[in-house]
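Line order of the protein sequences matches chains F and X. For the first sequence, my numbering assigns the number 1 to the initial residue and increments by one for each residue that follows. For the second sequence, my numbering assigns the number 1 to the initial residue and increments by one for each residue that follows.
Do not take every clue at face value.
Here are a few chain F residues that sit away from chain X, every Cβ distance over 10 Å (derived from the structure) [to be verified]: (1) Leu4; (2) Trp19; (3) Pro26; (4) Arg45; (5) Arg64; (6) Arg66; (7) Gln67; (8) Trp68; (9) Asp88; (10) Arg120; (11) Lys129; (12) Thr133; (13) Ile134; (14) Gly136.
These stretches of chain F come out as covered by chain X in the derived footprint (C-beta under 8 Å, 3 or more residues) [unchecked claim]: (15) 80 to 86; (16) 101 to 109.
Rather than coming from a laboratory, the hints here were simulated on the basis of the structure. Glycine included, each C-beta is placed from N, C-alpha and C at the ideal position.
There are 2 protein chains.
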Amino acid sequence: MSPLLPSDPPMAWLDAVKWSADGLVPAIAQDAASGRVLMQAWMDRDALARTAATGEAHYWSRSRGRQWRKGESSGHVQKVREMRLDCDGDAVLLVVEQVGGISCHTGREHCFFRRLEDGRWVDVEPVLKDPRTIYGDD
Amino acid sequence: MSPLLPSDPPMAWLDAVKWSADGLVPAIAQDAASGRVLMQAWMDRDALARTAATGEAHYWSRSRGRQWRKGESSGHVQKVREMRLDCDGDAVLLVVEQVGGISCHTGREHCFFRRLEDGRWVDVEPVLKDPRTIYGDD
Chain F
1 MSPLLPSDPP MAWLDAVKWS ADGLVPAIAQ DAASGRVLMQ AWMDRDALAR
51 TAATGEAHYW SRSRGRQWRK GESSGHVQKV REMRLDCDGD AVLLVVEQVG
101 GISCHTGREH CFFRRLEDGR WVDVEPVLKD PRTIYGDD
Chain X
1 MSPLLPSDPP MAWLDAVKWS ADGLVPAIAQ DAASGRVLMQ AWMDRDALAR
51 TAATGEAHYW SRSRGRQWRK GESSGHVQKV REMRLDCDGD AVLLVVEQVG
101 GISCHTGREH CFFRRLEDGR WVDVEPVLKD PRTIYGDD
């Protein structure tokens, strides 16, 4: 059982979130050790509840139309150290331990690897692991 | 002129952003010094362009239905040190210098001041300045 929830969880904390019209809330994952912003994704109510219950980040994939547990294919699980809600209740921040040190599906440490320089987005972070070796060739 | 843009800016970098159906993209502001995630807000295309052109964070307020320059009322301007785009092009990260050390309209350093503890959101950050003294009583 996660220390983030009592043994018989009331759901009032889930009602405090201002869900969008399509039932989602933006969620930001930040690395607990480096402070780096790893990624921004989306959660539905069940993904947020599961994240708190299991201590592992779950998100809602808008492109695939289903919930996913971060790392379910790659092994790059996010162990949640803290969950935070913002002043307006419409954004969630996860402070996580990023297993494997890679959060991006491109094999980079994090997803925000393009920096605006002289009016162009420039890749400024190295690929740490070939995505084909993370996910296989299929 | 901001160093983030050339003197005669091409707009291809704005086209690289995957705008939502309502023309917005989530934007995360992170403090350049502390690494703290300050807030999550939204930008329309013009807000993102102005942010790059002026070096000060501009957002789109969904509740007020208008663009706003962060700090226009409070003086708590965000000076943008870096702008980043994520792998999917659907989230923006601003690394900022937060003038006044307060980014939240509640007078706290940042907006993510509620932490999930034992199934409840608990305020864990101090109010640094009374919002009435920031915005006036009106």
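Status of each hint after checking the structure:
{"no.": "1", "hint": "Leu4", "result": "violated, 5 Å"}
{"no.": "2", "hint": "Trp19", "result": "holds, 14 Å"}
{"no.": "3", "hint": "Pro26", "result": "violated, 5 Å"}
{"no.": "4", "hint": "Arg45", "result": "holds, 14 Å"}
{"no.": "5", "hint": "Arg64", "result": "holds, 13 Å"}
{"no.": "6", "hint": "Arg66", "result": "holds, 17 Å"}
{"no.": "7", "hint": "Gln67", "result": "holds, 18 Å"}
{"no.": "8", "hint": "Trp68", "result": "holds, 14 Å"}
{"no.": "9", "hint": "Asp88", "result": "violated, 7 Å"}
{"no.": "10", "hint": "Arg120", "result": "violated, 6 Å"}
{"no.": "11", "hint": "Lys129", "result": "holds, 14 Å"}
{"no.": "12", "hint": "Thr133", "result": "holds, 18 Å"}
{"no.": "13", "hint": "Ile134", "result": "holds, 13 Å"}
{"no.": "14", "hint": "Gly136", "result": "holds, 19 Å"}
{"no.": "15", "hint": "80 to 86", "result": "holds (count 5)"}
{"no.": "16", "hint": "101 to 109", "result": "holds (count 4)"}
When held up to the earlier numbered hints, the structure conflicts with 1, 3, 9 and 10 and fits the remainder.
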